[in-house]
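Asker: Okay, here's what each chain looks like letter by letter:
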Amino acid sequence: MSEFDHRDGVSRRKVLECMTWCGTGVLWTISGGVPHSLGIMGEAQAAETKGLTFLQISDSHVGFDKPANPNALGTLEEAIKKVSALPQKPAFMIHTGDITHLSKEKEFDDADHIISQSRLDVHYVPGEHDFVDTDRKIYQERYGRAAKGHGWYSFDANGVHFIGLVNTFDLKAGGLGNLGTEQLEWLEHDVKGRSASTPIVLFAHIPLWTVYQDWGWGTDDSAQALSYLKKFGSVTVLNGHIHQVMQKVEGNVTFHTARSTAFPQPAPGTAPSPGPMKVPEDQLRKMLGIANVNFKQNEQRLAIVDSPLQG
Amino acid sequence: MLRPLIASSVLGAAIGSVLAASVLFARAEATPGTVFIDNFIFNPKGLTVKAGTTVTWTNRDDIVHGIAASNNAFKKSPAMDTDDSYSFTFTTPGTYQYFCYLHPQMVGSIVVEATTGSNATQ
Ligand SMILES: [Cu+2]
Chain A
1 MSEFDHRDGV SRRKVLECMT WCGTGVLWTI SGGVPHSLGI MGEAQAAETK
51 GLTFLQISDS HVGFDKPANP NALGTLEEAI KKVSALPQKP AFMIHTGDIT
101 HLSKEKEFDD ADHIISQSRL DVHYVPGEHD FVDTDRKIYQ ERYGRAAKGH
151 GWYSFDANGV HFIGLVNTFD LKAGGLGNLG TEQLEWLEHD VKGRSASTPI
201 VLFAHIPLWT VYQDWGWGTD DSAQALSYLK KFGSVTVLNG HIHQVMQKVE
251 GNVTFHTARS TAFPQPAPGT APSPGPMKVP EDQLRKMLGI ANVNFKQNEQ
301 RLAIVDSPLQ G
Chain B
1 MLRPLIASSV LGAAIGSVLA ASVLFARAEA TPGTVFIDNF IFNPKGLTVK
51 AGTTVTWTNR DDIVHGIAAS NNAFKKSPAM DTDDSYSFTF TTPGTYQYFC
101 YLHPQMVGSI VVEATTGSNA TQ
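Protein chains in written order, with our numbering: chain A, 1 to 311; chain B, 1 to 122.
Fair warning: there could be bad hints in the mix.
Pairwise CB distance ranges, derived in the manner of DEER restraints [claimed, not checked]: (1) B/Pro-32 / A/Asp-282: 41 to 47 Å; (2) B/Asn-39 / A/Gln-310: 26 to 32 Å; (3) B/Thr-91 / A/Lys-148: 39 to 45 Å; (4) A/Asp-121 / B/Asn-71: 39 to 45 Å.
Calculated directly from the structure, the hints in this document are not laboratory data.
Every residue, glycine too, gets a C-beta built ideally from N, C-alpha and C.
All chains should be modelled from the sequences, with the hints used to inform the complete structure.
Answerer: Okay, here's the thing in structure tokens:
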């Protein structure tokens, strides 16, 4: 966190404020390889942007109907309406997994129906809830046809190299998230030969840093993955899974997790388990949201703005 | 969707059917094994039963869990939503390590002992 202070002039307090108050709407600007938070979403949009703006949504859990939010499809729709109402149309959206709650065809259909109303291209990575159909193939058939392995891939946009990873398929007893040898080899090959000045955006469902080991909030072989990215001046890691905003800066790497559009989860260690957190009705939409990410070519500044559904 | 016979009779069934199935288990098995899932923990974490026992896991959390053997030694459960149960009858003595395939930090074990008169070990 201290790197954040003197490199970028963003105070620790500001970051903590963001962790406390911001929603899943995240706006990034890249600056000299170090992300810079512009503040709330409205403020960020007011700034002139000529580079690349994209959105992150996560953990829509379509099909979830428990007390923490009996209508997860409804709050996803609210999030997508927020996206559609943005004054500046983002280039595309990434969805960092747990599209559905139970991997049912109908849940995927319902999610697609709502998300497609954004009229944006969506780049998905799967959460563990998207792999619980008996044959574990629905996600792959719908979203992973052009991808490698269980759904990993990369693409380029405005000079930024995006890499979508899968750490939710091959989970081991007693372990955390897992990328696996095949995917790690692919990643090493994928980034080899790219210029060190290429900004990298790495996205996956489970955090690629250990947020809280006791609750499984980390990925066993993420250090190996990040070791392939050492030479790059700007690496941004975007994750979901923990249904709350967290941010950490380590050297050239910025880690960030987005809010869910379905239900909040407790802060690490503050509850008996990481299960869905029931909050008063008027608080729920302050704890759900989307993220807006902005890359400015000349300023080289990456900014994330988390924006709640309400408040 | 393919499911073990016993599991499908319990999973997603109305409460009446669940009770009926439980009664059936009680009649068929002298020592039925029960494991509850509360707050992302298997309780009991380790369970010892006689060969032939049907073990039933019941999810009492507000989130989905799933049972899988660490080395595929028994058939994995379908995704278990709140109050869903999954049952498996262990006929072969041995130690069966298992975990939740959504939350792999959740682990447990079933030790199956030979019934009297049998020397079967694993
Ligand atoms: Cu679980």
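Asker: All the hints need checking, so say for each whether the structure fits it.
Answerer: Structure-based check of each hint:
1. B/Pro-32 / A/Asp-282: 41 to 47 Å: 45 Å, holds
2. B/Asn-39 / A/Gln-310: 26 to 32 Å: 29 Å, holds
3. B/Thr-91 / A/Lys-148: 39 to 45 Å: Given range 39 to 45 Å: holds, Cβ gap about 41 Å.
4. A/Asp-121 / B/Asn-71: 39 to 45 Å: 41 Å, holds
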